[in-house]
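Asker: Note that the sequence shown covers residues 4 to 95 in this note's numbering.
Source of the hints: derived by calculation from the structure; they are not laboratory data.
A hint or two may mislead.
[To be verified] List time: in silico DSS-like cross-link candidates among lysine-lysine, alpha-carbon distance up to 25 Å:
#, residue 1, residue 2
1, K39, K10
2, K37, K48
3, K58, K37
4, K48, K58
5, K34, K48
6, K15, K58
7, K10, K58
8, K37, K10
9, K15, K37
10, K48, K84
11, K34, K10
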Amino acid sequence: MTNTPDKGDMLKVRMDAVTLSMMDTARAYLKLDKSKFIRESVREKAEAVIAEHQKTRFSAEDWTAFFGALDTPVAPTPRMKKAATKFRELQR
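Kindly generate the complete structure, drawing on both the sequences and the hints.
Answerer: In structure tokens:
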């Protein structure tokens, strides 16, 4: 995804008179032209939607299991010990 706008990139939007009036009032308060106001508004909304959908949500059971595993970890298996040894050797 590129962050540099291409002059050929264009978005045409239809909106009702009330929404257009609200946008004009808001952008006047911020002293922004229409294009910049729309770009910033769309970006803010997109970031919020993306952030909301990328959150990890835990059920009560997941939360209990996760913190239970932290509080009482299982003993390492021979395979885990071997992997840890190999990792330490690779780090040298």
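Asker: Checking against the hints above, which ones are violated?
Answerer: The structure conflicts with hints 3, 6, 7 and 10, although it agrees with all the remaining ones.
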